[in-house]
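Protein chains: 2
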Amino acid sequence: MSNIIQPSTLSGFMELEPGDQIVFDKIKSTLEEVYRLYGFFPIDTPILEKSEILLAKAGGETEKQLYRFNKGDTDITMRFDLTVPLAKYVAKNRGELAFPFKRYQIGKVYRGERSQRGRFREFYQADIDIIGDGELGIVNDAEIPSIIYTVFTRLGLEDFTIRINNRKLLNGFFDILGASDKAGDILHIIDKIDKIGRDKVREELCEAELTAEVADSILDLLCNNANDEEAFAKLESYVGKNETFDAGLSELKEVSDYIAKFGVPKENFRIDLTIARGLDYYTGTVYETTFNKHPEIGSICSGGRYDNLAEFYTKSKLPGVGISIGLTRLFYILWEREYLNKTVSYPADVMIIPMTDDMSKAVEISASLRARNIRTQLYVERKKFKQMISYADRLSVPYVIFLGEDEINSGMLSVKDMTSGEQKSLSLDDTVSLILERVEESRNSKCLVFDK
Amino acid sequence: MSNIIQPSTLSGFMELEPGDQIVFDKIKSTLEEVYRLYGFFPIDTPILEKSEILLAKAGGETEKQLYRFNKGDTDITMRFDLTVPLAKYVAKNRGELAFPFKRYQIGKVYRGERSQRGRFREFYQADIDIIGDGELGIVNDAEIPSIIYTVFTRLGLEDFTIRINNRKLLNGFFDILGASDKAGDILHIIDKIDKIGRDKVREELCEAELTAEVADSILDLLCNNANDEEAFAKLESYVGKNETFDAGLSELKEVSDYIAKFGVPKENFRIDLTIARGLDYYTGTVYETTFNKHPEIGSICSGGRYDNLAEFYTKSKLPGVGISIGLTRLFYILWEREYLNKTVSYPADVMIIPMTDDMSKAVEISASLRARNIRTQLYVERKKFKQMISYADRLSVPYVIFLGEDEINSGMLSVKDMTSGEQKSLSLDDTVSLILERVEESRNSKCLVFDK
Numbered sequence: 001m002s003n004i005i006q007p008s009t010l011s012g013f014m015e016l017e018p019g020d021q022i023v024f025d026k027i028k029s030t031l032e033e034v035y036r037l038y039g040f041f042p043i044d045t046p047i048l049e050k051s052e053i054l055l056a057k058a059g060g061e062t063e064k065q066l067y068r069f070n071k072g073d074t075d076i077t078m079r080f081d082l083t084v085p086l087a088k089y090v091a092k093n094r095g096e097l098a099f100p101f102k103r104y105q106i107g108k109v110y111r112g113e114r115s116q117r118g119r120f121r122e123f124y125q126a127d128i129d130i131i132g133d134g135e136l137g138i139v140n141d142a143e144i145p146s147i148i149y150t151v152f153t154r155l156g157l158e159d160f161t162i163r164i165n166n167r168k169l170l171n172g173f174f175d176i177l178g179a180s181d182k183a184g185d186i187l188h189i190i191d192k193i194d195k196i197g198r199d200k201v202r203e204e205l206c207e208a209e210l211t212a213e214v215a216d217s218i219l220d221l222l223c224n225n226a227n228d229e230e231a232f233a234k235l236e237s238y239v240g241k242n243e244t245f246d247a248g249l250s251e252l253k254e255v256s257d258y259i260a261k262f263g264v265p266k267e268n269f270r271i272d273l274t275i276a277r278g279l280d281y282y283t284g285t286v287y288e289t290t291f292n293k294h295p296e297i298g299s300i301c302s303g304g305r306y307d308n309l310a311e312f313y314t315k316s317k318l319p320g321v322g323i324s325i326g327l328t329r330l331f332y333i334l335w336e337r338e339y340l341n342k343t344v345s346y347p348a349d350v351m352i353i354p355m356t357d358d359m360s361k362a363v364e365i366s367a368s369l370r371a372r373n374i375r376t377q378l379y380v381e382r383k384k385f386k387q388m389i390s391y392a393d394r395l396s397v398p399y400v401i402f403l404g405e406d407e408i409n410s411g412m413l414s415v416k417d418m419t420s421g422e423q424k425s426l427s428l429d430d431t432v433s434l435i436l437e438r439v440e441e442s443r444n445s446k447c448l449v450f451d452k
Numbered sequence: 001m002s003n004i005i006q007p008s009t010l011s012g013f014m015e016l017e018p019g020d021q022i023v024f025d026k027i028k029s030t031l032e033e034v035y036r037l038y039g040f041f042p043i044d045t046p047i048l049e050k051s052e053i054l055l056a057k058a059g060g061e062t063e064k065q066l067y068r069f070n071k072g073d074t075d076i077t078m079r080f081d082l083t084v085p086l087a088k089y090v091a092k093n094r095g096e097l098a099f100p101f102k103r104y105q106i107g108k109v110y111r112g113e114r115s116q117r118g119r120f121r122e123f124y125q126a127d128i129d130i131i132g133d134g135e136l137g138i139v140n141d142a143e144i145p146s147i148i149y150t151v152f153t154r155l156g157l158e159d160f161t162i163r164i165n166n167r168k169l170l171n172g173f174f175d176i177l178g179a180s181d182k183a184g185d186i187l188h189i190i191d192k193i194d195k196i197g198r199d200k201v202r203e204e205l206c207e208a209e210l211t212a213e214v215a216d217s218i219l220d221l222l223c224n225n226a227n228d229e230e231a232f233a234k235l236e237s238y239v240g241k242n243e244t245f246d247a248g249l250s251e252l253k254e255v256s257d258y259i260a261k262f263g264v265p266k267e268n269f270r271i272d273l274t275i276a277r278g279l280d281y282y283t284g285t286v287y288e289t290t291f292n293k294h295p296e297i298g299s300i301c302s303g304g305r306y307d308n309l310a311e312f313y314t315k316s317k318l319p320g321v322g323i324s325i326g327l328t329r330l331f332y333i334l335w336e337r338e339y340l341n342k343t344v345s346y347p348a349d350v351m352i353i354p355m356t357d358d359m360s361k362a363v364e365i366s367a368s369l370r371a372r373n374i375r376t377q378l379y380v381e382r383k384k385f386k387q388m389i390s391y392a393d394r395l396s397v398p399y400v401i402f403l404g405e406d407e408i409n410s411g412m413l414s415v416k417d418m419t420s421g422e423q424k425s426l427s428l429d430d431t432v433s434l435i436l437e438r439v440e441e442s443r444n445s446k447c448l449v450f451d452k
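Residue numbers (our numbering), protein chains in the order written: chain F, 1 to 452; chain H, 1 to 452.
None of these hints come from the bench; they were simulated from the model. Just so you know, not all the hints are guaranteed correct.
Because identical chains share one entry, a pair is satisfied inside a single copy or across any pair of copies.
Subject to a maximum C-alpha distance of 27 Å in a straight line, what follows is the list of computed DSS-like cross-link-like pairs (lysine-lysine) [as the list claims (entries may be wrong)]:
no., residue 1, residue 2
1, Lys383, Lys315
2, Lys28, Lys446
3, Lys253, Lys383
4, Lys383, Lys424
5, Lys266, Lys57
6, Lys446, Lys26
7, Lys261, Lys361
8, Lys192, Lys234
9, Lys266, Lys361
10, Lys386, Lys317
11, Lys57, Lys71
12, Lys342, Lys92
13, Lys315, Lys384
14, Lys195, Lys293
15, Lys71, Lys50
16, Lys241, Lys182
17, Lys261, Lys384
Pulled out of the complex, with its shape left as it was, chain F reads as follows:
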């Protein structure tokens, strides 16, 4: 060929090297395992949908970021989240689904955002939602954070906090202060407190034409709590003044109580009255999740309770509660900070290197090892010894089996531990036991490490 096209990948599209991909996949399958453990169904909706479906709600700002095109007569958009496709799916299949419908979906979504470090145009979201038909019990709101706790601890994440709030409580509170017409502004300003600080928030609240007294009440209640007990004590003092507030407080208490009963340790969740999660979707419980040591990262897992999942596609009221992990972004953050456990990123537990022209015995042994569920690579190229060992080394396989005339005749295998460099002569059975021990160890090791 004379014309070589420079091989490149679109910017903003993550494409990992094979070793990192192993860790990514292990993280992804940990999520799947945990979602299944809680009895959630998988669904897999298309990446392409009719634009009229995906954009039933979307405004102008969102539209600019879309991958939208025509194919024949059809106006098509690539999905930009997994919530709108879920709404369509549930509305479409309402008659066949059993409610509450618990589903997870992990898939790629697309946003044509400005390209910048750590921002992706194609990225995985990992969503779980529980959808009710007409109504949905509040204990579900406590189960969702317990799922997130299980996911993160199984990954090896420590030192994270699931923050919980309730939108009814906030709205009721603003009503009590006579500021409910400014609820939107207040929530928007309060949402920035971690970024801009208390003083600047107070300033902005006053700029939003709230009195200094109201601004202080807001700040005192929402932003000054050492722990959940203090928050609840302050909240109690407002009880009886507003029905919405009282309902929100009662929900928040119930959710908080049940979260503990689901087994989430006290240090991993707390009430944070500053959390609002946008303005027009969530109606009750809201969640964010932060790394204690890396507040600058912001929330790595957010969601909440909504009243009406699919109002654009059905007249049925479908309330739900759910949460989403931005998996690609989370992976990037962990990768960048070197938190990935690279010791799990080899593709085979053992490599067999035949030293004879006839590779029959090596092939047979590879079949025996695989029958014992040992991931086995068979190296069948005719190269110099040094090159073969270097290949095994680059793949980080923990064991290599050499198979020459001597080994074939004696029936004993030369097994090299690539970590220690030690080489032993072992029977096939002993080799299997040795490798399986390592496999078990690797299976139990987590995707992330934080001890460096």
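Here the structure of chain F is known, so what remains is to put chain H in place on it, guided by the hints.
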């Protein structure tokens, strides 16, 4: 909302009901497990690529079927297979990869084909390839079918045949017949033998300006073999006449020998000299896989050896061998013929139904069961007993635990076997043992059943 948009999915896009999705995912993860067992790396390339990359090779016919669009200044195409992205990936990362590079990728690809039953515009392909740098040993050509054999038997497929041929052998044979300028036509006609039959093939060969004698030689050698021994015996009679033929025959023999040594039973593979797999890509071993009882389905898994994976992106010669399963189509075929094992398609091993207002005990038990890796659904809605049981029934969960005052006080659980209808009073430990037995059974059951 006043304007309801009818929820619908684009035609040609598979969107499964949740129970079927469980079986689909189980099939997909069986593929992944087996690919890993053979020491393959995962990779995950983007669904979108620059058009100049994806279309470096493509001709006009292919272009019509593409999802191609502009975003800003960028001409973008959705991938239509996983081979071109692999070529790009390997060319781009050649310096960092260790060769042979063994990778699998399971992902969605897009073709805007005419919509018809069983044809999909978005579908999963599941590919494995082994790529060499400059050269690649022939034993790899035998390992690939052994992977396919393991995949299909683990899925529960029986009665399938992996068919093997060699392009060098075919090309050399046509050369011997003095028909090498017609090799393309001949391969094209021969490829249709299963569809149009021997007589029609002979007719078409003659129409392609081959003599009746040559047409008969082709048909006698390629299409008339009772078994591999007969095929090899006939092939032997041409040895010494053409180097390419001799090389192809020697490769075919070696591959056939090694396939058996990899543990593939004789009844699951055979030489089929009619297989060619298109004209311009494969250069050595070629594979197809067919259901013995359903020849009308055609090949469900095809591939072969190629000389140059990435000629459009690099001057390096990168030979490879690989195979692809059209997973969505295969699933559809199995689904349509009711071969899916629906007995595995429930989302939870047990459902806990609390019968008291305070659900604390139920929540705690759900946490214990999940800690034992039992998939547990907790039903927290306040409904009538009949509705709750009907929900458990619709989800096909095998066990339900009822938890009322009596159970909470006695510490004994009421456990209902939903299959037999039998209800027992059991301790938590005995409940765990009972459910785990069923979990184990379900884990060992295959995705497909053929005994109906």
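Each hint tested on the structure:
Taking the closest pair of Cα atoms, Lys383 and Lys315 come within 27 Å of each other only across two copies (22 Å); inside a single copy the shortest separation is 68 Å, beyond that limit. Within a single copy, Lys28 and Lys446 get their C-alpha atoms as close as 12 Å, and across copies as close as 23 Å, so both meet the 27 Å cut-off. For the homomeric pair Lys253 and Lys383, the shortest alpha-carbon distance between copies (23 Å) is at most 27 Å, but the shortest distance inside one copy (68 Å) is not. Only within a single protomer do Lys383 and Lys424 lie at most 27 Å apart by alpha-carbon distance; the minimum there is 23 Å, versus 65 Å between protomers.
For the homomeric pair Lys266 and Lys57, neither the shortest alpha-carbon distance inside one copy (38 Å) nor that between copies (59 Å) is at most 27 Å. Taking CA atoms no more than 27 Å apart as the test, Lys446 paired with Lys26 passes in both settings, with 9 Å inside one copy and 23 Å between copies. Taking the shortest alpha-carbon separations for Lys261 and Lys361, only the inter-copy value of 8 Å comes in at or below 27 Å, while the best intra-copy value is 56 Å. Taking the closest pair of Cα atoms, Lys192 and Lys234 come within 27 Å of each other only inside a single copy of the chain (22 Å); across copies the shortest separation is 80 Å, beyond that limit.
In this homomeric assembly, Lys266 and Lys361 come within 27 Å of each other (Cα to Cα) only across copies, at 19 Å, whereas the closest approach inside a single copy is 57 Å. Within a single copy, Lys386 and Lys317 get their C-alpha atoms only as close as 68 Å, which misses the 27 Å cut-off; across copies the closest is 23 Å, which meets it. For the homomeric pair Lys57 and Lys71, the shortest alpha-carbon distances inside one copy (22 Å) and between copies (22 Å) are both at most 27 Å. Taking the shortest Cα distances, Lys342 and Lys92 sit within 27 Å of each other only across copies (23 Å), while inside one copy they are farther apart (43 Å).
For the identical chains of this complex, Lys315 and Lys384 are inter-copy neighbours only, at 25 Å across copies versus 71 Å inside a copy, given an alpha-carbon limit of 27 Å. Taking identical chains as interchangeable, the C-alpha atoms of Lys195 and Lys293 lie at most 27 Å apart only when both belong to the same chain, with a minimum of 15 Å there against 66 Å between chains. Proximity of Lys71 to Lys50 under the C-alpha cut-off of 27 Å is found in both arrangements, the shortest distances being 11 Å within a copy and 18 Å between copies. For a Cα distance limit of 27 Å, the shortest separation of Lys241 from Lys182 inside one copy, 19 Å, qualifies, whereas the shortest one across copies, 91 Å, does not.
For the homomeric pair Lys261 and Lys384, the shortest alpha-carbon distance between copies (25 Å) is at most 27 Å, but the shortest distance inside one copy (61 Å) is not.
Checked against the numbered hints listed earlier, the structure breaks hint 5 alone; every other hint is satisfied.
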